[in-house]
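Work out the full structure, taking the sequences as your base and the hints as a guide.
From first to last, the protein sequence lines stand for chains A and B. 2 is the number of the first residue of the first sequence in this note's numbering; add one for each residue after it. 29 is the number of the first residue of the second sequence in this note's numbering; add one for each residue after it.
This list has only true hints and no planted wrong ones.
Restricting the straight-line Cα-Cα distance to at most 25 Å, the calculated cross-link-like pairs of lysine to aspartate or glutamate (DMTMM-like) are:
| no. | chain 1 | residue 1 | chain 2 | residue 2 |
| --- | --- | --- | --- | --- |
| 1 | A | Lys113 | B | Asp391 |
| 2 | A | Lys146 | B | Asp394 |
| 3 | B | Lys262 | B | Asp91 |
No lab work stands behind these hints: they were computed from the structure.
As a plain string of letters, each chain reads:
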Amino acid sequence: MNTSLTTESKHTSRRSSGASQSGSSVSTGLARPADIKLRLNEVSHAYGDGESELTVLDGLSCTVRAGELVAVVGPSGSGKSTFLSIAGALLTPSRGEAEVGGRNLAGLNPQKLADLRLHEIGFIFQGANLLPYLRVEEQLRFVAKLGHADKRQAVRRAEELLERLGLTSRRRHYPDKLSGGERQRVAVARALMNDPSVILADEPTASLDADRGRDVTRLLAERVKAEGKAGVIVTHDERILPYCDRVLRLEGGRLREG
Amino acid sequence: MMFLALREIRFSKTRYVLIVTIMLLVSFLVLFVTGLANGLGNATSSAVRNMSADRFIVQKDSDDRFARSALHAEQIDQARAVAGAEGAEPLGVQMTTVTKRDSESKIDIALFGVPAGGWLMPETAEGSRLTASETGQVLADRDLAESGVAVGDTIVDGATGLEWTVVGFTENQSYSHMPAVWMNEADWAAYRSELMAARGGEADPAYNAIALRVSDAQAERLNSTLPDAEVITKSQAISAIPGHKAEQSSLLMMIAFLYVISAFVLAVFFYVITIQKTSQFGILKAIGARTRYLAGSVIAQVLVLSFGSLAIGVALVLAMKAMLPASMPFALSAGTVLSSCGLFLAVALIGGLASVVKVARTDALDAIGRAGA
Ligand SMILES: Nc1ncnc2c1ncn2[C@@H]1O[C@H](COP(=O)(O)OP(=O)(O)OP(=O)(O)O)[C@@H](O)[C@H]1O
Ligand SMILES: [Mg+2]
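As structure tokens, this is what we get:
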């Protein structure tokens, strides 16, 4: 509990000035607007040109608060990855707006979007997608370096995360020497490294067996709570749903509670 | 940017050792052939290259070749009238065969007849200088020492039977792969008349060419006033030396091809690696790495590998140079090494460009939803 508090305060102090303004305006109440780390408003997205258009998302809205882990389920091809790409500033929706950590994504240029992904969003992909030539601790130090984080602070943060995720003894290993579950835990640590507002995971347990999948999800849920992130997991895996606060179903281009 | 570049090299050592080996061999070859080209260039032309003249007057229709050109004393006076006594010096060139006295083995040499105290006469590195008054003395290129001739020895001309005493050695004076041997005007005149007599001579043309140190305007005037003669530049004179152009152009061709090959090898190597890593680049872009950073990483790798292979290549060439026999024409100055290395680096960077383009085109979106294991 103590550590989570210190993490939280460091987290706030490292925020960019715009976000910390909104953070300081929050003081009372449960449904504080600044607690909303991720907001999509009336988002529609269609692939293809004018002739053969495929509308995947159609007026989708959702909000995710700090400390909340949300599962998104739905049939294959329903647009879950598309939704995640839009929330992750990788894809600009045809219509509607997206807000991450209080920043509206509309009108940002590619560099600004890259910076925002670096600092505000942590991705966890289906495969761990670690860089094969970096040791575990280097994977973390690298993203900190990309974000021009203070080196000593980064080392401390990496140590803490590796400890929390049970990877301390593996920190000098290359990814090819790790088990699938360990690799995915490193990916979780990497996603958390730069203290993002939002964690987005696309089927993070798909390549793991049931137990490993549960472990990883449990650890992720724990971190999301402790550090006050907004977490979104797209998944097919029913067994990890108990670790999530809400389950949203993507159908007909919209997200429905249930 | 070095962070990724170096760690990837550390991780995939074999792969990068292989490419360094190839680049190292190519850069070694580039430097070696460059040294050879310079060495051969010196062997054919150093006597002319090291002259402090900037232009030459030769006979019209002599194809810029000293040996085919013949000028009269009158033309020398006319040239001096325009260029000034200091601006023009007569130059006699004749290839001949000599033997060391009391020895049978023949030595090909290039005889140069120039004014003894003038600026065409090269510096003496060992022994004494030539004077205008004393005759029967010559200054020889040190290469002659390899044929067993020492300072104080006498050499005998095969065509005329004239004898000259070698009073000193010079450095880096050869002409068309022959050591240059320098004599004063009096000896040159004696040699020419003897030679013409032996051939059943006609009227004797005094010299082959006039070396000039003049301004552009003076050169222009000389060109138009002198009858039956033309002014050529030093580099024209050098490339007309027998054998020079043929040797240099074939070697230059090889060097150019080596550069092209190294650019190509690098381009293919890095492109293949980059294609293999496309999904990695997609991931990196998704987690927020900028294209500039990733492109910089690729370039950093190219530079690290090129620097590494160049350093080893240069070391090998220098070691090679130290081991080569002195008779092998090989010359590599620090400046040449540096500019070759610079060119090599530039070529390597060009080779890396295709990969940079590939990196720039990779889409971050590929990371999500489509990620394989
Ligand atoms: N770049 C694209 N161009 C055209 N169509 C696309 C593109 N990306 C996705 N689609 C289509 O959009 C629809 C939604 O794709 P998406 O990847 O979001 O589905 P998903 O819900 O993640 O499916 P899965 O559960 O199988 O991963 C699919 O029909 C897909 O074919
Ligand atoms: Mg998907």
